[in-house]
Amino acid sequence: MPRIPALVDALYASIPTGVGARSTVLAVGARSRRRSMEQGRRGPSAVATARARRPRSGSNRADVSPEPGATRSPARARERGLASARIAGLRQSLPRAAGRRRDPRRRGVRGRVRLRLGALAIMIHTGSRGLGHQVCTDYLAVTGAALRRYGIAVPDRQLACAPVGSSEAIELPRGHASAPPTFAFANRQVLAHVAGQASRARSSASARASLGLACVYDVAHNIAKEEEQRDRRRRPPASARAPQGRDARPFQDSRCSCRATWALLVRPAWDGDGHARDLRLDLPRRGAPDEPDGRGQGRPRSRTSTRSSRPAAWWRAPPGHESLAEEMPEAYKDVREVVDVVHRFGISTRVARLAAARRDQAEPPAQAAMRLAQRMVD
Amino acid sequence: MNIERVGLFLWRIPPDARPGMRVPALVVADDALMAAIQAATLPGADRQRRDAAGHREGRASAMPDIHQGYGLPVGGVVATDARSGVVSPGAIGFDINCGVRCSRTGLEPRT
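So the sequence lines, in the order shown, correspond to chains L and B. Letter by letter, the first sequence follows residues 1 to 378 of the working numbering. Letter by letter, the second sequence follows residues 1001 to 1111 of the working numbering.
These aren't lab readings, by the way, just hints derived from the structure by calculation. Just so it is clear, CB atoms sit at the ideal spot from N, CA and C, and this is done for glycine as well. Be aware that one or more of the hints could be misleading.
Stated by the list, open to error - Computed beta-carbon distance windows for the label pairs: (1) 1006(B) to 149(L): 34 to 40 Å; (2) 157(L) to 1038(B): 25 to 31 Å; (3) 1035(B) to 165(L): 41 to 47 Å; (4) 1015(B) to 5(L): 53 to 59 Å; (5) 145(L) to 1006(B): 37 to 43 Å; (6) 13(L) to 1031(B): 44 to 50 Å; (7) 165(L) to 1006(B): 31 to 37 Å; (8) 1016(B) to 344(L): 26 to 32 Å.
My request is simple: use the sequences and hints to build the entire structure.
Pasting the structure below:
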């Protein structure tokens, strides 16, 4: 089995981390990057590396099918997207000890997720700088310019919108829901493959055989999607609605093959008027800490103030650590408190906690497992 | 700010809390989170109220991780009618597809 510090070093050596970093092991040309944006996992940069390591279960695959018109995002956004594609977006890649709970409600989910107590998991976080930001900026300008034409008044220009069915609204989802997510899902799949290669290189033959790197989930936020919401208590079904927002369900569309897993990990809840509440995967989100940290708003510490800090979970500063520090757990509110509320409110079911692997975790697995289990007890 | 508690983890900002609001805003939070939201994210909560003034259906909602963003606060959720509603890029947000992939392994730390 690999030692955690050696494994972390191997991951950071193989995967570009931080804004502006470039991969030393991946050489993807501009044409391939463009095709990745248009075709997602079917694009050449993703297919060549990721096909061999697909999860065993089809229901666990994180894959999306690009929408027709994925290339219709504004030219500036596409240019920035191609530029940002060279910025391999991995900001944090820490092996984490996986745990499970004994609540019967979670038994089926645990079986699907197959997280084993004490085993390592690899978290890959990619940002959205460049492409995603530019797409939103461009479409805000488009919808802002059309407000008067459609007689829409908004209290904030950042809330500019266009009627469903208008030319602006037809073009907008294509830019939002296709090119950036398609590229980003492909990007993370490639990075996961590279992480697997690095892990194998640092593992013994027996460990390589048991590596079994498989996707548990691949989630993203700021995704717009249109879906049919059906209230089973009502006949006829409630009208179709299009959830939007930064906590909208993260998968791009109904063709996402993660759907089966997703259906197990959340349960729809309906309020009195038959409107769907937000559905959320209750596994820890980015930077999920195993110790309490910031309180208050989502990001109580500014990006600037975090750059001179060092997350408690780091035992050495990885390449690109200045920008990585922006996403450290200490920069966000206490995620356990947030998860506890969404669990108790019934939005989703808590399944597992992934704790940051520690450098001193070279203790007998049984002790480590007991310690982790103790931490996971409410 | 006029905030009504309507459940153990649910708070409601009525539509008359601010001129122009058309639908109520709901916030999912416990006491501690709500206190933190009110103390540290008043601008975000205010944006949540303003968002409710737009062309939305039902209500605007805020998840427990609500905090200030551009236009719609981070942690905000709105729904529009798919036939007669609107599409809002600002409501979707700028961090399009910022995300996380979790991969499990069969490895355990070396003893």
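Against the structure, the hints come out as follows:
1. 1006(B) to 149(L): 34 to 40 Å: holds (39 Å)
2. 157(L) to 1038(B): 25 to 31 Å: About 26 Å separates the Cβ atoms of residue 157(L) and residue 1038(B), which means 25 to 31 Å holds.
3. 1035(B) to 165(L): 41 to 47 Å: holds (43 Å)
4. 1015(B) to 5(L): 53 to 59 Å: At roughly 56 Å between Cβ atoms, residue 5(L) and residue 1015(B) fall inside 53 to 59 Å, so the hint holds.
5. 145(L) to 1006(B): 37 to 43 Å: holds (39 Å)
6. 13(L) to 1031(B): 44 to 50 Å: Since the Cβ atoms of residue 13(L) and residue 1031(B) sit about 46 Å apart, the hinted range of 44 to 50 Å holds.
7. 165(L) to 1006(B): 31 to 37 Å: 35 Å Cβ-Cβ, so the 31 to 37 Å window holds.
8. 1016(B) to 344(L): 26 to 32 Å: holds (30 Å)
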